[in-house]
Structure formats: C-alpha cells, structure tokens
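Protein chains: 2
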Amino acid sequence: MTKDNLPAPGAPDIEIARAATMRPILDLAKDRLGVPPEALIPYGHHKAKVSLDHISSLKDKKSGKLVLMTAVTPTPAGEGKTTTSVGLTDGLNKIGQNAMVCLREPSLGPCFGMKGGAAGGGRAQVIPMEDINLHFNGDFHAITSAHSLLAALVDNHIHWGNEQNIDPRRVNWRRVVDMNDRALRNIVVGLGGPAHGVPRESGFDITVASEIMAIFCLATDLKDLQRRLGDIIIARRYDKTPVTARDIGADGAMAVLLKDALQPNLVQTIEHNPAFIHGGPFANIAHGCNSVMATQTALKLADIVVTEAGFGADLGAEKFLDIKCRQSGLRPDVVVLVCTVRALKMQGGIAKSDLGTPDAEAVERGSVNLIRHIENLKKYGVTPVVAINHFVKDSDDEIGVVQRICAEQGVTPAIAKHWAKGGEGAIELAKAVVEQLEKPSPDVATIYPDDIPLKKKIETIAGEVYRAERVEFHAGAARSLKEFEDLGYGNLPVCIAKTQYSFSTDAKLVGAPTGHTLEVREARLSAGAGFIVAICGDIMVMPGLPRKPAALEIGLDETGQVVGLA
Amino acid sequence: MTKDNLPAPGAPDIEIARAATMRPILDLAKDRLGVPPEALIPYGHHKAKVSLDHISSLKDKKSGKLVLMTAVTPTPAGEGKTTTSVGLTDGLNKIGQNAMVCLREPSLGPCFGMKGGAAGGGRAQVIPMEDINLHFNGDFHAITSAHSLLAALVDNHIHWGNEQNIDPRRVNWRRVVDMNDRALRNIVVGLGGPAHGVPRESGFDITVASEIMAIFCLATDLKDLQRRLGDIIIARRYDKTPVTARDIGADGAMAVLLKDALQPNLVQTIEHNPAFIHGGPFANIAHGCNSVMATQTALKLADIVVTEAGFGADLGAEKFLDIKCRQSGLRPDVVVLVCTVRALKMQGGIAKSDLGTPDAEAVERGSVNLIRHIENLKKYGVTPVVAINHFVKDSDDEIGVVQRICAEQGVTPAIAKHWAKGGEGAIELAKAVVEQLEKPSPDVATIYPDDIPLKKKIETIAGEVYRAERVEFHAGAARSLKEFEDLGYGNLPVCIAKTQYSFSTDAKLVGAPTGHTLEVREARLSAGAGFIVAICGDIMVMPGLPRKPAALEIGLDETGQVVGLA
Chain A
1 MTKDNLPAPG APDIEIARAA TMRPILDLAK DRLGVPPEAL IPYGHHKAKV SLDHISSLKD
61 KKSGKLVLMT AVTPTPAGEG KTTTSVGLTD GLNKIGQNAM VCLREPSLGP CFGMKGGAAG
121 GGRAQVIPME DINLHFNGDF HAITSAHSLL AALVDNHIHW GNEQNIDPRR VNWRRVVDMN
181 DRALRNIVVG LGGPAHGVPR ESGFDITVAS EIMAIFCLAT DLKDLQRRLG DIIIARRYDK
241 TPVTARDIGA DGAMAVLLKD ALQPNLVQTI EHNPAFIHGG PFANIAHGCN SVMATQTALK
301 LADIVVTEAG FGADLGAEKF LDIKCRQSGL RPDVVVLVCT VRALKMQGGI AKSDLGTPDA
361 EAVERGSVNL IRHIENLKKY GVTPVVAINH FVKDSDDEIG VVQRICAEQG VTPAIAKHWA
421 KGGEGAIELA KAVVEQLEKP SPDVATIYPD DIPLKKKIET IAGEVYRAER VEFHAGAARS
481 LKEFEDLGYG NLPVCIAKTQ YSFSTDAKLV GAPTGHTLEV REARLSAGAG FIVAICGDIM
541 VMPGLPRKPA ALEIGLDETG QVVGLA
Chain B
1 MTKDNLPAPG APDIEIARAA TMRPILDLAK DRLGVPPEAL IPYGHHKAKV SLDHISSLKD
61 KKSGKLVLMT AVTPTPAGEG KTTTSVGLTD GLNKIGQNAM VCLREPSLGP CFGMKGGAAG
121 GGRAQVIPME DINLHFNGDF HAITSAHSLL AALVDNHIHW GNEQNIDPRR VNWRRVVDMN
181 DRALRNIVVG LGGPAHGVPR ESGFDITVAS EIMAIFCLAT DLKDLQRRLG DIIIARRYDK
241 TPVTARDIGA DGAMAVLLKD ALQPNLVQTI EHNPAFIHGG PFANIAHGCN SVMATQTALK
301 LADIVVTEAG FGADLGAEKF LDIKCRQSGL RPDVVVLVCT VRALKMQGGI AKSDLGTPDA
361 EAVERGSVNL IRHIENLKKY GVTPVVAINH FVKDSDDEIG VVQRICAEQG VTPAIAKHWA
421 KGGEGAIELA KAVVEQLEKP SPDVATIYPD DIPLKKKIET IAGEVYRAER VEFHAGAARS
481 LKEFEDLGYG NLPVCIAKTQ YSFSTDAKLV GAPTGHTLEV REARLSAGAG FIVAICGDIM
541 VMPGLPRKPA ALEIGLDETG QVVGLA
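Going line by line, the protein sequences match chains A and B.
Counting along the first sequence from 1, when you hit position 68 you're at 68 in the numbering used here, and nothing is skipped either side.
Counting along the second sequence from 1, when you hit position 293 you're at 293 in the numbering used here, and nothing is skipped either side.
These are computed hints drawn from the structure, not numbers from a lab.
Mixed in with the good hints, there may be bad ones.
The list cannot tell twin chains apart, which means a pair is met if one copy fits it or any two copies do.
[Claimed, not checked] DSBU-like mimics (lysine-lysine), calculated; alpha carbons at most 30 Å apart, straight line:
1. LYS240 <-> LYS548
2. LYS548 <-> LYS223
3. LYS259 <-> LYS548
4. LYS379 <-> LYS65
If we strip away everything but chain A, and leave its shape as in the complex, we get:
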C-alpha cells in the first residue's frame, strides 16, 4: 500500500490511477485467488484472463457470497455505483474479508464522445485504467468480429441463391461497430449492381447493443455460448418463419471468434484487490450486467463477490434478478442500494446547478425515490443495505435525513467515503454488509414466473416495480408478443427498454411517480440471449458524438503517455 504517494482524491482519476503501484497480476492471482500462473493467460504484466480449463476445474468448489450493487434512480449528478463497488471490495478486504469485485467492461466508442472512462473514481478505481478503457483484452473487438461475420454471412447467403428463402426486407440482424457513429444508424447496403449483393435498408448499432454482447454475458460455458449463438434469429423467410444463425451455419465460426474472449479478465483495484472486468451489455435493450462466467468464477475464487447491475434498481436489479439470476441460478446474498444526497436532492426537484446549496428538505422530498427502491427490493425477498456515497459538500443535516429514512424503512444505512479514502473510507459499509451476510441468506425470488403470458410479465414489472397504473401495448407490439408465444418463446423473461431517469417512461418525472402509463411500442425477440425486449420509449442503440467530442482532447504527450482520457 503506497496510498500516501497518490495524488489527492480531487485530482483527475487518471492521475491517481497512474500513480498507483500495481502488483504483477500473476503474483496477485496466486496469492489472493490461488490461481496458478499456468491457469492464466497474461495480457501484459497487469491483466490476465483465467483459462476455461481452470474454470471447469473449479466446478465442485464451494461458492462464496454474492453482493449485488444497485442504486437509486440515476441523475446527471452521478451516484457512483462502480466506485462504490470497488470501494466496498477494498473495505471488505480491509476488515479481513477475502473479497473481489466483478464489473462491466467499458465501451470504447463513448470514451471518445462525452463519457470518458468507466473504471471507478478517486481512490476507488480499477487499474490499469487506460487499458481497461481502451482495447482492454480485445473482448469487444471479438464480439464485433463475431457480429460482423454473421452479418456478412447473412448477406452472402442471400447473394448466393438464398437457400433459406430469406426475405431481404425482413432481415433483422444489423451490423455493429464500437464507435459512436450516427451516420451509420440508417444506411442502405448492397448498392452497385448484382456483383455487390442485394440492396436493402439496414444500419449499425454500437457493439454493446449487439445481441452477441448479451449472449456473451449470459452464457455459462463455451457450449452454452455456441448454442445461444445458433439460436439468434437473423431474419424471416418469405413465409415469415424465423431463420436462425444456425440455419445458415454461422454458429461454429462465431464461437471460434469468441472463445478466448469468454475467459474473464483479471485486474486489480488501486489497493491491490482482485477484480474481474468482463462483458458489458446495454442496460436497456439488454440486461446490463457483467458476464455470468466472471461472476460464477469469482464466487469460486473469493469468499465475497461484489457485482453491479446497470442504471437504478428498477432496471438494473430487476434485470439482474429476473434475467441473469433466472438463467444462471445465481442469487445475491446481500443487495447494496447506493444513493447520494445529491441524487436525492435532484429527485426532490433541485437542478444540478443548484446542488451546491445544502437543502435537507429537498433530500426529504427526494427520498421517496429511495423508499420506493427499498420497497421494490423487498418484493424480491431482499432487504438492502443502503450505501450513502459521501460527497465532500454533503451537510450533516442532509445525511441525517437519509439515515432517518433508512431507519424508518428498517434498512441499515452506511456512509461510504471510499472516493476520498479508498477502502478505509468504506469500512462502515463493509461492516454493514458482513453483518447482513451473517444472517441467513434471503429467499430471493423472481418477480414473475416463467409460465405466464408475456404481456402479463410486462404488466407485472410495470405494476410492481414501476408502479404504472396501466400498460398500453401498441398494436405491432401486441402482435409480436403473440407471435413470439406462438413460436414457442413465451417462457422467456422480458427485458424492458425504457429511460433510466424515471420509474415512468418520462425522464422528467423524478421522485416516485404514480398513475403513469407504460407504453410498449415494440417487442423484439433476442432468442439467443433468451429474452424478449419490450421497447417503451426512444432507445438509442447508436450514440452520436457531441459537437466537441472528447476525442479532440485525447492524445499522447511527449513521452508517449495518454492524455485527455477521462
């Protein structure tokens, strides 16, 4: 531990990350996880993948405890879910637990847009930060390649005789690139005459929106991966029956492209605790969690595993529990619900620019959001620990409000100062989590069973989690849901794509809205991932770059070091 040599927490994340010493990853894997060097595939000296063979060999080992990190409804102020996941892991290790963290991989494209990096912040970061934010170990490139291969095979199949009778007007398999590129959203391909394929409308999504990303993160092993890849529906025939990737013989080659990527990536926190960073599907049209492979492997290697789900608990935890847990058999032993005073003030109607002024009343007003998330989680059978992610300017009065409300709700609040202090600052939270872990594990349940109609599943989530008054299905959506049931997919869970900024579909309705309507505009079938997507609102699957993209500031300094990243 060389924390004293680190820049103050107010310094840019990249400076703190770069100043941190790193342990050789092979040493860390051996000492901390008992993974021998020959079971690792190193990528440089500070990143490694754990081999699939080694993972198989762990099958009969006892699993550790799983901590799910979720949050109140996101605001532009930032709630710090990743940062808190890292901080809690460091805090748990500080109090003598053997803990590791599982996170999602950041997407390359948005790094060059507005977003900057995604590897925690302040004194709670995973490193090497630049590598994690750039190509990392090539996983997303492998996913892009597998997606591109399938796309090329689809058009090639149509070009050479179209044995499967694919209707070119009904190809649903688009293309992907890991870049924010709005000009590719809507394109026409196959122009130039008969030698260049069949013209049709199509477009590109960003790689994280690929169904292959969702598949990659839900697959339990290489065989399951290939089975799911084969199940992908790429198009309809002229008779409207679905055509799968397997029907055109694409599944084997796609699995070949993904086999190395499927091995979880091991890195470390600034405090030298182990971290898996693996996979990163969208949290709207997909389920928004790191890979099942990473979570399951981590549970075999550590006593406590902290993992995060995307967005707020209404989307992230719901999908974690109703999709990832349902498909994989994973169950959280504790759920941590992150909130910040700033977020609750925004939920109480305060604008971001006014967050500087202490306002305990606004916290009080906004806490309806926190309360509803707590209530929702209880419906799944879990009583969360609330982590109050502390910001330097939070007043004692404001913090007091949150603590009181937690007490009223019968949940334990813990103030977490990991951003400023690293693991040391997360000891209160770590202790609260351990205390909860010592109780009998909760009897976690999904919120709907497999065997009810798809519409009913959507209505259940809308009613129980979003507290919508009613659900309206557009005619096309209803027709699609009916068709999916007729095709035998009625037993799948549903993945709702809606704004993350409100329980409703109106991003401006903060707090805990009621009486709203959930409009289901479209339904899509992700047969490989194993869920139905219900689209409720405008969902952006290919972001654009802003007027002044971050890329313009990113570059190399005189010594060849990266500058301008996050």
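Using the hints, position chain B against chain A.
For chain B alone, kept in the frame of chain A given last:
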C-alpha cells in the same frame, strides 16, 4: 526439438502446428534475443509484444543483415514465399546463424472466406497458428478502431456546423471492417433525417486496405505514426482544397488507439526460432510488407533477418525497395527469389489441373518469367539467390532446367525442402544465402529518384519492371497526378495497383509479356502513408465471401479446440 513427434508433412498444417511444442515466449526472447521479460508485453504464454521503450534503447546497437524474400509471378499453384521465409530462417539457425523472420499478419476476414490461414505450411510454420490467424494481439482491431474513429469524426464534423467546409460529396475517407462483406462495398450513410447526419454515398473496405494499415507499417516510431495519421487527407472542401485528419483534430486520439499495436509481435517457428509478425497492408493499393518497426527491431536483435514482400518481385520487391526502403533507410543485403517448378510450368502455359505430368519443356518455356525477375532485381543492384521451393512431385529433369537457367543468369540456385523437412531441408538455401552475405553488400538503389514528375515515375516502373511498351493515363488520372504535384506531393513514390498474375495488366498474359500498355485509370493520394497510388485495373478492396465460405466448416470440437481453420 521434438520433430519426430510431428505428423507427416502431408498432414493439415493446423495438425502439425498444434502438435509442435512451444517454448515459453519470455524464455525464448531472453535466450535468443537478449530481451528481458520486463521489456516484453506477454499475450498469453507464447506471444508477446516488444515494448516501445525497449525498442528505443536498441537505437545504437549494430544492425544485422537483411534478407528480402520475393518470388516469381504468383500462380494459383502457390509459390510458398512465407513458407520459404520460415524455412530459410530455420535453416540459417540450423547452420549456426542467429536468424529471425519478419512476416505480415494475416487478415481475419479472408480466414472465413476461401483463404484459410497464412502462417507458413508443412514443417515450416509460425505458431501458435490459430492465434496468429484469428485476433492475434489485436493489431488489426486497433487499426479498424482508429479508422472507424476518424470516419465518425468526419461525419460528426459535417453534422455539427462543418467548420472546415467539407464538401460531403468529396469525402474520400471510407470505413473499414476486417471481414469479407460485399454488401458494404457501396452504401448510403446518414439516412433517417437531420438528427442522423448528412446523407452521402460511401462504403467499407477491408481493414488491410486502410491507409492506416500502410501508415502503421511505414511508421518508424510513435511520433512518426501520429504525424502520418495527421497527414491523411479525408476530404475536399467546397473550394477543393484538401482537409486532413489533423484539421479536424483526429490524429491524437487515433495515435492513442494504435500505440500498443505498434509494438511488434514476437512468436516462434515450429523449430523455436524467433519470428516477428506485425502489420499486413495490401500489396496492390499499398506496399505489402510487414512493419518497419518489426524489421528495424529485428535487425537490432538478430544477426540475420529474413523478411518477405507481397506478390511477385515486380510488385512486392519493387515496393519494398522503392517505398519501404526509400522511406525507412532499410536496405536488403541479399534478395532471395522463390520459384517452383509448378509455377514455372503455369508460366509456360500449363493449366493447374495438368501440373501432375512432368514437363521439362513447359518449365523451360515458363522460365522466361524467372529470367525477367532476375534481370529486374539486377537493375536495383542486387543479384538474387534463387530458392527452388521443392514439391514432392517435381521431377529431376524439371529441377535441372531451373538450375541450368540460373547458371546461365549468373545466379545461385538452391533447392529448398523445408515444407517436408523443416530447417534441415533448407540448409542448402541457408548456405547459399550466407555465402552471398559474406560478399560485400550490394549497392541497392531505388529505380527512380524522388524529384522527377509523378508520371515519369510510373513510366519508369512500367518500362523497367513491367516492360510495358507505353503508359496511357486516363484524363482523370492525369489531372489527379498534376493536382498532387501542385499540392506539393510530387516528391512521393508511387504505389502501383495492378493484377499480381502478370507483368502486364492482363492477368492471363503469363510468362514475360512485352509490347503491352499500362493503363493508369485513376490516381489516389495516400498522404499519410506517403505515396501516390496509381490504379491500373480492377482492384478489390472489399472481398466477398464465396458460395460456400470456409466459415461454415470452422467450429469448435467437443474439447473446445478449433477445427476447420486452414
């Protein structure tokens, strides 16, 4: 050496490659090249990149000798240039020399088309073969990302106010993907209304055709890389002046995406000799050689470095000498010209299906092709060693013809049986190369100076190398060449894009045609790579998949091993 345990040379290359033992790459680097583990970035246990810092530290070390591997005009029978490069390297080490090989990285896309892998063959291969043929160390993905970023920034610039006044009709920067995907050759982007960019015609090339690939392979260090990236011309303004990547601020972020990739990849031959495999630009619209970084670094680490150039000597060696050597200061000490009896028979008019019948007369007829390549190389100041890459069915008579012709031309022939016997089979060739190396180094010259008009440069290559009777410039090409000179690019070398199957532009004119015309249909400026491309014929920059793509046979077996790859 465990050669006895390897399958017979007739076995599929992948079986031989997989049966070969591999030395841990860190050990091999230390023992054989004196590169310490901390100067390497391992990618698994059998691949590593050499760090840029270490490369800088070698600056003042004495350089070894450079052997350029080139070939007679390619035929569908295959001449085995890569295989001979690997075999010669193994042979050199067998006779006590300290030699390493530098090769191009295979492109991912074609693996799934017809081509299969590209890592040598028989007992002369580089390994791990699957890794090299698939994602390798992510270099091509990094190049695709850098290319995609620039493309996104171009359209984004136009979308947000277009400060540079880019004429959307005159954007020449296309997009790339490392996949054979004919449907992307000609597309319309930016459809869907004002929020989705400006509609315009565009298309995708395969990654190896990207100017960034050529830049990557010609850059001498990270700064030179960034300078070249900035020099890329992406479009014209409404006033027709060129806009560069630097003008829209893209060069820094692109360099960031490429900085890790720029480090050469170290692997090994089946016989545990060191190999760099790094970069792989097209040999028609680009210069077709592995990276300058790899070649220069190898020369600091080994006494003899064998490297290859794409296609036959008229294209590959010409570009190696007139572009790569001109820009980098590299000079070959020996040139090896590979030929096969089979290739010469095809140059003598025999069809591929009739190659089984011994036919010394056809070899005699076809040897005009060999003779012309020898004459051409002499014009550069080098007298090649001719490697007769031996095939099992070659008759003694046929081999005798080639030997006699070499004697008549005053060059040394050497029979090479590395495909069947590994390094042992290449000892005759290795000895011939060493003998040549012991003579004073040749005074290698480019075939045209920098300071003559671009047209004159093209005419020089056409006359001296292709032996064309005349050169015809289409009006547009002539206009472009004039414009490039007016813009100050008249001092650049030219890179001729034409069929590799003939000295002429007619792929069917085998042997040593004369009296033909070189038609220059179009001229393009690769200002970052630093050359002018003269397009003479149909050049395919985005291959399509065949009716039965190799992808359909590629998959994983029960144990998770790759099957069907080459």
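Here is what the structure says about each hint:
1. Proximity of LYS240 to LYS548 under the C-alpha cut-off of 30 Å is restricted to the inter-copy arrangement: shortest distance 25 Å between copies versus 45 Å within a copy.
2. Proximity of LYS548 and LYS223 under a CA criterion of 30 Å is satisfied inter-copy only: 24 Å between copies versus 44 Å inside one chain copy.
3. Only between protomers do LYS259 and LYS548 lie at most 30 Å apart by alpha-carbon distance; the minimum there is 23 Å, versus 37 Å within a single protomer.
4. When the C-alpha separation of LYS379 and LYS65 is checked against a cutoff of 30 Å, the pair qualifies only within one copy, where the shortest distance is 21 Å, while the shortest distance between copies is 74 Å.
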